[in-house]
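Participant: Now for the letters of each chain:
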Amino acid sequence: MKNLFEFIVEKAIFLSGAASIIFVVLIFIFLLKEGLALFGEVNFFAFLFGQNWYPISDPPQFGILPLIMGSVFVTFGAIVIAVPLGLAAAIYISEVAPHSIRGFLKSGIELLAAIPSIVLGFIGIIFLAPLLKNIFHLGSGLTALAGSIMLAFMALPTIVSIIEDAIVSVPRSYKEGALALGATHWQAIYRVTIPAAASGILAAVMLGIGRVVGETMAVLMITGNAAIMPTSLLQPVRTLTATVAAEMGEAVSGSSHYYSLFAIGIVLFIISFIINIFADIFLHRSKAMKRRKK
Amino acid sequence: MVKITVAGLSIWYDEQTAIKNLSLQVSEKEILGIIGPSNSGKTSFLRTLNRLNELTSNCKTEGEIQLDGKSIFKEIDLLSLRKLVGIVFALPLPLPLSIYDNIAYGPRLRGEKNKSKLDGIVEKSLKASYLFDEVKDRLNTSAFNLSGGQQQRLCISRTLANEPEIILYDEPCSGLDPISTAKVEEAMRDLKKNYTQILVTNNTKQAARVADRTAFFLMGELVEIGDTTKMFTSPSDKRTDDYIAGRFG
Chain W
144 MKNLFEFIVE
154 KAIFLSGAAS
164 IIFVVLIFIF
174 LLKEGLALFG
184 EVNFFAFLFG
194 QNWYPISDPP
204 QFGILPLIMG
214 SVFVTFGAIV
224 IAVPLGLAAA
234 IYISEVAPHS
244 IRGFLKSGIE
254 LLAAIPSIVL
264 GFIGIIFLAP
274 LLKNIFHLGS
284 GLTALAGSIM
294 LAFMALPTIV
304 SIIEDAIVSV
314 PRSYKEGALA
324 LGATHWQAIY
334 RVTIPAAASG
344 ILAAVMLGIG
354 RVVGETMAVL
364 MITGNAAIMP
374 TSLLQPVRTL
384 TATVAAEMGE
394 AVSGSSHYYS
404 LFAIGIVLFI
414 ISFIINIFAD
424 IFLHRSKAMK
434 RRKK
Chain P
118 MVKITVAGLS
128 IWYDEQTAIK
138 NLSLQVSEKE
148 ILGIIGPSNS
158 GKTSFLRTLN
168 RLNELTSNCK
178 TEGEIQLDGK
188 SIFKEIDLLS
198 LRKLVGIVFA
208 LPLPLPLSIY
218 DNIAYGPRLR
228 GEKNKSKLDG
238 IVEKSLKASY
248 LFDEVKDRLN
258 TSAFNLSGGQ
268 QQRLCISRTL
278 ANEPEIILYD
288 EPCSGLDPIS
298 TAKVEEAMRD
308 LKKNYTQILV
318 TNNTKQAARV
328 ADRTAFFLMG
338 ELVEIGDTTK
348 MFTSPSDKRT
358 DDYIAGRFG
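Same order as they appear, the protein sequences are chains W and P. With my numbering, the residue at position 239 of the first sequence is 382, and numbering never jumps. With my numbering, the residue at position 212 of the second sequence is 329, and numbering never jumps.
No wet-lab data here; the hints were simulated from the structure. Honestly, I wouldn't trust all of these hints.
[Unchecked claim] Only some residues are given here: those of chain P computed to face chain W with a beta carbon under 10 Å:
| no. | residue |
| --- | --- |
| 1 | Val123 |
| 2 | Leu172 |
| 3 | Ser174 |
| 4 | Lys177 |
| 5 | Leu226 |
| 6 | Cys272 |
| 7 | Val340 |
[Said to hold, decoys possible] Which bits of chain P does chain W cover? Going by a derived footprint, with three or more residues having C-beta under 8 Å, they are:
| no. | stretch |
| --- | --- |
| 8 | 325 to 337 |
| 9 | 347 to 354 |
Yeah, the Cβ is synthetic: ideal placement off N, Cα and C, and Gly gets one too.
Generate coordinates for the entire structure from the input sequences, incorporating the hints supplied.
Facilitator: Spelled out as structure tokens, the structure:
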């Protein structure tokens, strides 16, 4: 009786543990099943590198390069804004700020993560887009830059908390050793603490990128939604995610258009898979350092 | 000649006293051994000499320490003090850099960029700690690949590269095997020609082997200070005798 109970519990726990992996595999299979159907009609390279996304013209064209570039532009802009900010904030929180301010700042940054992306989208439309329009004298402020700025704020909490973790786990003695050699506080941070935390910082950047690439709602609202090849951050763009979100409702089930949206899903899945693997490798390295400290 | 004068030094952590009203003098180019059981304030005293103790936020210091007649708190700038007074920690902790960069770290901080000068400093410092022959072919590999004893001698080299006048050792051999310990001690004896050294150790025999004079700390107080040979053969305080003989601590 007791053995049976043990057996059931053991298997139940095993199933819960395996569930997430099973789901990932099932999702991928589902995506493949729906998405690969497209390549019966459309050439794979024409899909990936085609410059025109006209899914409902006649004949339709399914080139997602403008969408990929839209995602790349928005992500690149967001990371360029978020990483220096996040790094500076993390250094301030972990190395400089007095104890009382530290807790306050940390919860403030976590609160930023709790803001729904649709709210950031509102702010982008109402406040940021007109501001950019006036600053750069554009026809419309709904551009890749607007998306980048809003997404930078969305990625910031992830980036700050992981970098802060990485900095805190650098053995205190590294910094002390540098100070004992006559380094100033900043020299010790810059030459010893940050290089020692480098793998954690890279992991933070990767996860930040993952967060930005996958974001849909805010970019759909504020990037202007024009599926054209972008040449600057001041143009409207459309990202992979926004395309799926915007067109899924109107695509005829079973049509090439419908399949192409799933194929975009596959591309997104692969991108975030790769990003996660890199983030994992870097996080692993920074954990290895944490162990060495003991 | 007197190198360091400590007068009426007291150290607290919050309400707890680590050092009570300590006064002593260290002569130039001697090795002063400091022995005593744990919690006797040895390390706190040592870390005060280059003001590393100030990194501990609840630490409070009172009294005066003079280096060549100048107050380390008021007359010597903090960064120059840390250059003048180098420290070797209990655990050998290289910076996460190559062997070469570990040693060049201090000189580079002071703006030394000349490659051949840096090469010279690195070689000289490594030779002084008897490490050069063991690592000369792999100066650009990570310092973490060295053995514990080699890492500790690397830390001594790193301190020497700063051209200090005083070297502090905080139980430098506590994690080392006897052979590595012997090498570190040999380096210390050799460095006596040019440097004033203070050695905090839990190993009374180590103090007996390398120190010219020895101080015995107990519960934050200096019980006795004097010539090492005399201290180990006929100490004037009974507590010192008991500690050295291993009757407590």
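Participant: Now, for every hint given, state plainly whether the structure supports it.
Facilitator: We went through each hint and held it up to the structure:
no. : hint       : result
1   : Val123     : violated (19 Å)
2   : Leu172     : holds (7 Å)
3   : Ser174     : holds (8 Å)
4   : Lys177     : violated (17 Å)
5   : Leu226     : holds (5 Å)
6   : Cys272     : holds (8 Å)
7   : Val340     : violated (28 Å)
8   : 325 to 337 : violated (count 0)
9   : 347 to 354 : violated (count 0)
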